[in-house]
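A.B. asks: The chain contents come next:
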Amino acid sequence: MSVLDELVAGALEDQRARERETSLEELKAQAATARTPIDAKRWLRRGDGIPVIAEIKRASPSKGHLSDIDDPAALAKEYEAGGASAISVLTEGRRFLGSLNDLDAVRAAVGIPVLRKDFITTDYQIWEARAHGADIVLLIVAALDDADLARLLALTHELGMTALVETHTRDEIERAIAAGARVIGINARNLKDLRVDVGKYCELADGLPDDVIKVAESGVFGAVELEDYARAGADAVLVGEGVATADDHRLAVERLVKAGAKVKASEEEPLSTHHGPYYGQFGGRYVPEALVTALDELERVYEDAKRDPEFHKELARLNQQYVGRPSPLTEAPRFAERLKERTGLDARVFLKREDLNHTGAHKINNAIGQALLVKRMGKTRVIAETGAGQHGVATATVCAMLGLKCRIYMGQIDARRQALNVARMRMLGAEVVEVTLGDRILKDAINEALRDWVTNVKDTHYLLGTVAGPHPFPEMVRDFQKVIGEEAKAQLKDWYGVDHPDAVCACVGGGSNAIGIMNAFLDDPRVNLYGYEAGGDGPESGRHAIRFAPGTGELGMFQGAKSYLLENSEGQTLDTYSISAGLDYASVGPEHAWLKDIGRVNYSWATDGEAMSAFKDLCETEGIIPAIESSHAVAGAYKAALDLKEKGYEHPVMIINISGRGDKDMNTAGKWFGYLTDEQSKALEANGAQGNNA
Amino acid sequence: MRETIDIIDNGDGAFVANVTEETQGAAARVPEQPLGISHRPSPCRELFAAYKAQDKPAFIGYLPFGFPDPDLSLEAFRTMVDNGTDIVEIGLPYSDPVMDGPVIQAASQIALRNGERIADVFKAVETVANAGGVPLIMSYWNLIYHYGVERFTTDFANAGGAGLITPDLIPDEAGEWIEAADRHGLDRVFLVSPDSTNTRLRVVAENTRGFVYAAARMGVTGERATLNDSSQELVARTRAAGAENVCVGIGVSTPVQGATVGRYADGVIVGSALVHTLLDENGAVRDPVQGLGALANTTAALADAIHGCRA
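Residue numbers (the UniProt record's numbering), protein chains in the order written: chain Z, 1 to 694; chain S, 1 to 311.
By construction, these hints were calculated from the structure, which means they are not laboratory data.
C-beta atoms are modelled at their ideal positions from N, C-alpha and C, and glycine is treated no differently.
Among these hints, one or two may not hold up.
[Stated by the list, open to error] From the structure, some residues in chain S lie toward chain Z, with a derived Cβ separation under 7 angstroms: (1) 105; (2) 143; (3) 167; (4) 168; (5) 179; (6) 193; (7) 195; (8) 219.
[What the hints assert, rightly or not] In silico lysine to aspartate or glutamate, EDC-like type, Cα no more than 16 angstroms apart, as pairs: (9) Z:458 / S:195; (10) Z:258 / S:206; (11) Z:375 / Z:308; (12) Z:375 / Z:310; (13) Z:258 / S:176.
The task is simple: from the sequences and hints, build the whole structure.
C.D. replies: Below is the structure:
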């Protein structure tokens, strides 16, 4: 006799004893007067969360005694207060120490659906469940033949109840579906270590009809397992020990409910309007508690501004009258010819000209938006980090325009190689602080800015320059940059009569220009999106800033967000390298990490050599000098063209985002291509007009 | 029979596992109660209960692990406990410590340069536990996430660790850590700061186990000539939000400051001032004998002042 047989036999024996007290007819009469059953199916699937079925559980055969539960009603109320969607009550008495009295007590105490959990094999037990006010019963496929399963299911439905049908194998799932099950419990425990085996769960749940509710039934203990199951597509979870033996039952359920809501929100579509803090598993707020109040305030003020037409009017006015927007969309026929020579693809190529903005790059779009928020918050001081100096200059510029006090943190190495930009910022009235700690590059400037913010958060706003950092920065910066793609989309139609591009290329450091141009096209599957990271000397060299290629970035938390991160085997941040200071960052915006994982954007890289060669190509063919950052997007266009060709495109339309102009890079380029003698280079350096890492 | 029983309801929701020969074999290898909640009492809480009975605050001291080098740092931790430190906050050096001021940043960089390895930190945990102190680890979250939260907490608990202080992990993001702490019976120390709202204080108090770490001022770690009055009010607000034990750190460095804070807080946390004893005025590592001597003296003076401040 198997253990299951033994338990079923025991349950039957106990039933017969009860039947001598209460006949089936009497039960039916009781059932008629019992509280109307709740349609539990409505409680077990929802768009904004993962319903939790919390269990009243005293013991189990494997673990023996778990918890003294003197007052199951009180426990059920705590579960309900924590946000449980249903209560599971064990009524088996021999091994699980439950009873129908528990069911009665719980039923009387809560307003949510109640599940009778027992070894049910007879009509009598179903009627009994209903008579005691249950809304859901458990049916175990392994304990029933097809005929019994179908009959008990039909009776359950007839009585207005829901059956949670427990399965363990693909075969059992098919039997359950054939018998008419609408709510399937899937047990996908890895018996070796008792951890949730999401792979096995997916295998079992694969191909289930959409209208079947899938309940993950095993191994859910805390937020970790719930998240795993939720991301694997489970509709609801059943949790026993994790809540029954917790010190604070309400809090334990609440944590699970919150974790479920987080997963649902993190996968919300459409992509273009997706809200933080989470992008799939990425994003969040990995910051000191001391910054939470400021981040909350920023989020509140931003949400408020978004709803305020005056804010949008002011932003639009400044964009037009101060920045010079819209930036043009320029067709590049001679570059397209070169692209054709190299790749054989006959494409129309358009350049989005962020290089023509005031201050020479897209950074000003975000700086103006955030500076207006600073005014709304009533703060008086702005701090910012900068690598190449573009964001620092943009921030210093808007602070001068709006009369805000401004301090820019810059790594000492960056400050030396971008002395001209240091001079520009100082000219604009900003205080430039050279950071001499750590590696003295961009990430260290951000660390120092964060330390300043933690200390002076009351009157200071941290004007972060990219779609990274803690929520709400990735979402807010995206919103301020998405004007790039919106304009490009409209210009392509209005100026050139083209309905949509087939491809969009952008460079990705933190990722703000890329998000900015891609956002308008994220939900249009006809548009192929390509992001190019800084390849430095190539992925194998160890000298690069590639986060997405295999063997480069790993998942980690860095400067406020969970994303891909370049780190060593100890979890310490790695030094990065690129000829372009603006792409030289160890992590990447969390939305990009998500877009990579869901396959919406194709990420690759361009090496220093490829970027510099593309830099030259654009200069020669179109008379446009792109920033070395943007040159990575131009170099990427050659790679994208090959991909498009392979996909069968013959005459595709491509947009390349020229995120900034290359004047600042002339010394680097001069050295790279040998246009400058050593003496001329030195003279430029003496003028403080150095380029990047050359 | 034991094997077959093990596969019945071997965890949470599911009633019956797949009853086959194969899974019975697998189930037989299942460790006892691998997923249960540990009800081991909170080590910090026990210490505070004992001290409350004597009406004295606890002294919590911080040093980064591996500083000045891995061996000396074990000596340093022992010295701290021997000279009256009740709870030792073992810091894990990190390349990007955003909550730390110049002294601890410098010490962390020295430790990293001298070959600090995260896997060796458990030796420090054992050292503190063997010396009779309560070992906590203070770490920026990425280090533990990268090592593996479950793996880290298992190794830490096995070494005799009591809990973690997580300066850049707020309870809202701490799902995996909260679960691991429940399974291993570890203390979770979250932070609050003077501008935390009452709502935030409640969130922190509710998710904390052991004690809440109240920052004496807005800002990063480091010594200050004067103490801010805001910390006393913060301690009161944090208690009102439901925290059982509240300790104060960040900017507490002298015995006088320690005694002042100790009159109203359950514990006093000192970091940079201890780190400082091992460095010379140029920020270089001092001769080890001199350094450990200075560490012993500073620790003893702080311990005396703090333990005796309510007498």
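A.B. asks: Against which earlier hints does the structure fall short, listed by number upward?
C.D. replies: none
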